[in-house]
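Input sequences plus hints: build the corresponding full structure.
Protein chains in written order, with the working numbering: chain A, 13 to 522; chain B, 396 to 702; chain C, 508 to 844; chain D, 40 to 345.
Errors might be hidden in some of the hints.
Here are the simulated DSBU-like pairs of lysine-lysine, each with C-alpha atoms no more than 30 Å apart in a straight line [to be verified]:
1. 642(C) / 244(D)
2. 244(D) / 656(C)
3. 685(C) / 656(C)
4. 271(A) / 244(D)
Note that these hints are calculated values from the structure, not bench results.
Residue strings, one per chain:
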Amino acid sequence: MKNMRTTIGSFIVLVFCLSLVLSSVVWAAPKGELKIGIAQDLVGNWDPTQHTVVTMLQVEPTYFDFLVKVNIDGDLEPMLATSWENIDPLTWEFKIRESVKFHNGSLLTSADVKSAIEYASSAKNPSSAWLPGEIKGKIVDDYTIRLITDKPAASLLYSLSMIPITNKEWVNNPEKFAETPNGTGPFKFVKFERDTLHLEANMDYWQGPPNLEKVQFQYIIDPSARLYLVKTGQIQIAGRLLSEQIPIIESDPNVVLEKNPIVEQMWLWFKCKKSPFKDNPTLRRAFAYAIDRAGITKYIMYEQAKESNSLLVPGVFGYAPASNMPSYNVEKAKELLAQAGYPNGQGLPPLKLMVAVGAWPKCKEYGEYIVENLQDIGIPIELFTVEIGRLGAICFDEEPEDYDLQITGWNPTGLEPDLFLRALFYSKPGRLSNIDVPEIDQTLDKELNILDLAKREQVIQNETIPTIVDYMPGLPLFQTVELKAVRQEVKGFKLLPSTVYDLHGVYLAD
Amino acid sequence: MNLDTNIDNNTLLKKDNINFKGKLSRWYRFLLTNKGIFFGSLITFIVIFCVVFAPLVTTYDPLKQDITKRLTPPMWQDGGSIEHILGTDSMGRDLLTRIIYGGRFSLLLGLTSVLIALMVGTLFGLITGYYGGFLENILMRIVDIQLGFPFIILVVIILSIAEPTFWVLSALFSLLLWPGYARVVRSILLSEKSAAYVLAAKSLGASDFRIIIIYIARNIIPSMLLMSTMDIATIIITEAMLGFVGLGTPPPAPTWGNIMADGKNYISTAWWVITFPGVAIWITLFGINLFGDNLQQFVNPKLRKKY
Amino acid sequence: MPNNDQKNLLDVKNLKTHFFLNNGQILRAVDGISFSLKKGECLGIVGESGSGKSVTSRSILNCVESPGKIVDGEILYEGRNLLTMSEKELRKIRGSDISLIFQNPTTALDPLQKIGDQFFETLKAHSSYNNTVIKEKVLETIKSLGFEKPEVIYESYPCDFSPGYIQRIMIALAILCKPKIVIADEPTTTLGVTIQSQILSMLDRLRTELGTSIIMITHDFGVIAQVSTKVMVMYGGQCMEYGPKKDLFLEPKHPYTIGLIRSVPLIEARTIKKLYTIPGSPPEMINLPSGCVFASRCEYVGKKCLTEKPPLKKLNEERYCSCHYPVEFNTRDEIII
Amino acid sequence: MKQIIIKRLIIGLFVILVVTMLTFALLQLFPGDPAKMIAPWAGEETLIEIRKSFGLDSPFHIQVLKFYQDALKGDFGESFFYREEVRTLLFSYFPRTIYLTLGALLMALVISIPLGVLSALNRDSFIDRIVLFISITSQSLPNFWLALMFILFFAVKLGLFPAGGYGSWQHLFLPSFALACTLIATFIRSIRSMMIDVLEQDFIKASEARGIPRLYIIKKGLRNTFVPLLTLFTMQLGYMLGGAVVIEFIFNYPGIGLLAMQAVLRRDYPLIQGLVVLISTVFIILNLLVDLSYTYLDPRIRKEEL
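Here you go:
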């Protein structure tokens with residue numbers, strides 16, 4: 013009788029082989045499946061109003077549609093709303109496209125639009141951040157609806173391009189919503205497991221079925237992992253790559269490099285409610301002049317960034333280079349520092365620049381460079397690295413004791429100027445810089461109420477932006493250029509400035 | 396009847412072939428003749444010398460950035476320059492200098508954490524192994540509790556609460572390592588406890604304390620030596636892992652760990668940033684292990700060659 | 508006495524086993540030993556510790572630990588020289604033709620393996636029976652040595668029994684493959700007297716009933732007297748005296764043997780006399796003296812002893828003695844009955 | 040034997056209780072707010088709503104009590120981020136880490152046993168030097184550097200294995216090999232020193248004298264090193280789960296290492312709690328098995344215990 017003891021060893025081996033056999037799923041991708049590697053994770057909750065996570069906003073257009081759509085040139089296009097007109101400063105009337113089916117087969121009517129917009133705009137739901145306030149919907153008939161805002165909002169149309177139209181039954185019971193979304197988009201939700209979102213083609217999509225049979229969004233945390241998966245063909249598109257990886261992409265014949273500036277901008281925010289920056293714009297501008305933004309873009313980021321010379325980015329309505337945006341000028345910085353009451357940095361308390369590692373690429377690198385720039389003119393400052401969770405928790409605090417400046421990115425995935433200006437610089441909620449200056453609030457309100465687009469643009473460029481830049485609550489470091497590696501068999505894939513995925517026209521050539 | 400054994404003692408002493416000059420000479424002769432120990436200690440000495448007297452070895456300031464010279468390759472590759480022998484890192488700082496200054500932190504961190512873990516673990520192990528019974532259960536359950544906690548969760552929480560200074564990190568790492576020592580010491584105790592020499596010592600009236608410390612401790616030293624040299628590597632590499640998540644030592648202070656973490660993304664274009672700290676670790680460990688391995692022979696008579 | 512026309516089972520000629528120490532010196536543990544062994548005979552090798560008797564036993568099976576090496580001599584077993592055999596052939600002989608019993612029973616068995624499995628392993632290495640047959644043979648061998656419950660022994664571990672019991676099991680293990688020669692290297696030194704007599708009677712029965720010849724290595728004259736048929740006295744790695752037990756005990760020729768016999772306390776002796784002890788201490792094996800190794804301690808030492816190494820003189824058919832001046836000595840007049 | 044197991048399991052429950060209490064306490068101190076992770080740009084009143092839906096607004100002791108009531112029923116709540124039962128999440132992620140760890144163990148054993156035995160048999164020879172060299176190199180090279188090198192070489196250049204993700208055994212080979220490297224160093228050195236120890240012992244010489252073939256003797260020697268090896272492995276397991284995070288990070292291998300890191304970074308309290316319970320249970324059971332195996336494998340200890 014073979015003695016018992018060796019059975020322990022063989023038992024472990026047996027379990028191991030057995031389990032391997034069971035789990036052998038063929039990993040070669042069928043031709044019609046497009047796999048995309050994304051850099052940030054997806055939230056498991058499919059109710060679009062319950063989060064403001066950038067990656068979700070980028071992915072939602074594949075299974076949801078919107079009333080209006082922003083095309084590649086940044087102009088508004090009809091989508092579920094065939095036409096619209098402005099009846100009075102508070103109401104807009106929309107004509108709804110007919111014979112559009114939801115994924116569960118029910119027809120799209122103005123009742124769905126009413127419930128979706130009202131649900132999204134209620135202060136209870138996070139998505140209200142994208143809207144200028146509570147919106148009421150009045151149904152005129154099955155395919156016309158009037159949306160009434162509580163105050164005149166020129167930015168309504170652009171904001172509506174970010175609010176997906178969902179089925180009214182889903183809106184009424186959020187539990188069902190959290191499990192599976194029911195939209196009218198080109199693809200249908202299949203399942204979400206192991207950090208991967210599986211979608212399949214929606215055959216009766218109103219613009220005709222998409223060319224791809226299946227789409228997969230897989231969260232891959234590490235940039236080198238993403239790139240190598242594209243090179244071995246396990247995924248077809250990998251986003252958010254590093255400029256150092258460009259030589260590898262270019263040396264590989266079957267992978268194409270896509271370079272597109274996107275609406276994301278990296279900012280250096282001053283905590284304007286905390287000393288020494290409190291009520292001291294000169295000090296903040298002194299810091300701004302001391303930072304070699306050109307150097308960061310040229311040496312550290314090079315392919316991954318474009319110089320930013322305004323609070324907005326090209327492609328956003330109302331963009332124009334700001335005349336008084338400070339550039340790298342050490343003498344002026346020293347001069348302003350003295351004017352601000354801290355000649356050569358004497359009297360300044362030890363400051364801390366907070367940077368999150370793993371959220372935005374190379375944040376730590378240019379964080380260290382900025383710290384050295386500031387130290388060069390005598391400012392006592394150190395870098396304070398945190399992980400993403402901690403940054404998220406303390407980046408809005410008005411008087412945090414852990415840091416005084418922070419580097420955080422802002423990507424509203426929309427082209428409406430107020431998603432930048434109002435969201436970042438209005439005193440309430442006063443997000444990252446907690447700036448609270450009546451003059452800025454007035455110019456922002458002024459700009460919001462102008463319905464005539466040309467006049468609004470003129471006010472934004474000549475009044476709003478220059479005043480904000482004078483107060484310098486935050487210094488835009490650079491505009492991110494998204495580097496994507498796309499396999500050459502993927503055809504018709506284009507990267508929108510709003511970083512949203514429009515996969516309807518994409519197909520796989522064999 | 397007197398038993399005058401006719402073996403007179405001085406004849407034994409006179410014999411020149413049995414060396415009774417004293418214990419020290421035996422150590423001295425062994426250390427010199429054994430090649431492993433000699434080379435091991437030589438390498439370790441060189442590493443420690445470079446790390447401690449860093450300012451003498453390199454003139455650069457490890458924190459001085461020079462953006463224009465970013466990621467220059469090592470000297471012998473095209474584009475490399477004599478100024479930066481091993482090239483520069485992603486911020487244009489000289490890699491060799493950072494590795495040497497980084498060595499200070501990493502080695503010190505490794506040594507202190509291992510020592511703390513060794514002491515705490517061995518203490519726990521000795522007590523639980525020798526006494527057993529109720530005390531053993533309690534202490535071993537503390538070990539279970541400690542092992543039960545997933546390390547990554549513990550680290551992120553603690554490093555978000557406490558500032559990642561040197562002492563916090565070394566406390567954290569000894570927290571990670573001490574249960575290992577406790578368990579190994581306990582398993583050795585279990586088998587040694589019933590050994591004849593322990594019973595003999597007890598019968599001669601030796602106190603428990605004396606038995607544990609003098610008799611059984613000697614058997615623990617070889618495996619402790621083996622484990623501690625390995626754990627130093629684990630610590631240095633785990634510290635690098637923290638660098639990924641932004642939890643390690645605050646930049647710009649260099650440690651072998653965070654130099655490697657920075658270099659990870661540039662692995663295919665700037666291979667040297669991540670490779671040379673790895674080589675530095677390898678050299679240090681090779682020295683320590685060579686030294687430890689052969690010293691083990693001296694300490695553990697079983698391993699020592701007969702005759 | 509078995510008739511001596513039979514061919515020698517084992518013939519050891521001029522065996523030399525030296526240890527090459529790492530500091531360059533050479534330790535001549537066995538320096539020219541010759542003896543022979545016939546079927547059913549028991550050769551007792553006696554000598555003080557360090558006289559090279561254990562090394563001799565190991566050399567026979569050619570498993571001397573490093574750094575020892577057999578440098579010279581022949582070991583003919585049934586005419587075949589064991590030293591020139593290949594490892595494979597030698598392994599066939601070890602355990603099946605010649606088996607070894609160790610001194611310390613507690614460490615002689617694998618602590619983690621059942622006793623039965625260790626028997627099984629040995630028999631399997633030397634036979635081609637299938638498993639069930641091997642198991643039966645093992646149980647049968649164990650039962651043949653008078654153990655009551657062989658199945659229990661088969662399933663239990665070495666630590667479950669007392670050293671004495673284990674040593675008897677070792678004997679069973681030694682005779683498992685019906686060997687022709689059993690070498691017992693001080694089998695009873697670590698055991699008590701009662702166990703000793705049981706073990707020796709067991710060995711003796713092997714010789715008388717099964718005809719296996721035995722080489723008994725010991726430093727205890729009592730054991731020699733009880734078991735052996737022939738005796739070889741070893742000192743400093745060389746053979747001092749070699750011959751049948753009775754003659755050697757009664758008329759020892761070599762001064763060293765005489766010294767040994769005189770230092771055995773006799774219970775029958777009525778008068779109490781100071782116990783005789785051989786002066787000096789065992790030789791230092793690394794640099795042995797040039798002449799006779801025993802010269803420095805010998806009472807009858809002569810001029811030649813210091814300079815010339817005495818050859819092994821053949822006194823009669825089976826008596827050899829390596830001494831320049833063999834002494835006429837009769838143990839009977841020593842013992843005053 | 041039975042009462043030992045029962046006693047240990049009861050103590051195990053006590054340990055899990057203490058560990059979960061410890062986690063609750065630590066999470067209180069843990070800066071960061073789950074609601075903000077879901078909706079970073081939302082206004083304050085929305086965040087209050089989200090916190091209410093997570094049940095974080097109720098006082099601390101009620102949260103703790105609620106957790107233990109549900110835990111007894113086997114329900115560990117719902118993950119904030121994944122909106123999925125923690126239980127189902129863990130059951131789908133945990134087996135993968137088991138495959139990874141077992142794969143690493145298997146590879147480590149397959150590589151280190153022959154090397155360890157070889158270097159033990161011909162000690163201080165040329166082979167011994169090489170094996171020492173391999174063991175030190177495999178231990179001092181960081182596992183993430185190795186992982187990247189494996190991907191670059193085996194997956195990208197040679198295309199033998201997938202560069203990451205999870206699917207079949209091909210996905211498992213490279214990550215477990217990278218993870219096995221640190222194990223190899225420990226195993227080789229321990230097997231070598233233990234084998235040297237064992238081969239010196241009498242019963243090995245006795246077996247040789249009985250003509251037992253060399254292979255069997257090495258097997259006997261190895262069996263004697265098995266118990267200490269087991270202790271070493273369980274001790275390394277703690278590191279393996281930690282070390283696995285980096286490997287899973289680079290190979291994008293969805294095991295509980297990666298899940299734990301993300302759970303912590305996203306402040307996903309129920310998932311963290313679930314992970315702590317899972318890992319401490321695994322350790323308790325594992326430690327129990329190892330202690331039992333001591334008695335089972337080594338009769339000397341068993342004789343004492345009973």
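These are the hints, each one checked on the structure:
Using a Cα cut-off of 30 Å, the hinted pair residue 642(C) and residue 244(D) holds, with the two alpha carbons roughly 24 Å apart. Taking the CA atoms of residue 244(D) and residue 656(C), the gap is about 28 Å. The hint holds against a cut of 30 Å. Using a Cα cut-off of 30 Å, the hinted pair residue 685(C) and residue 656(C) holds, with the two alpha carbons roughly 21 Å apart. Between residue 271(A) and residue 244(D) the CA atoms are separated by roughly 72 Å; this puts the pair beyond 30 Å, and the hint is violated.
Of the hints listed earlier, the one the structure fails to meet is number 4.
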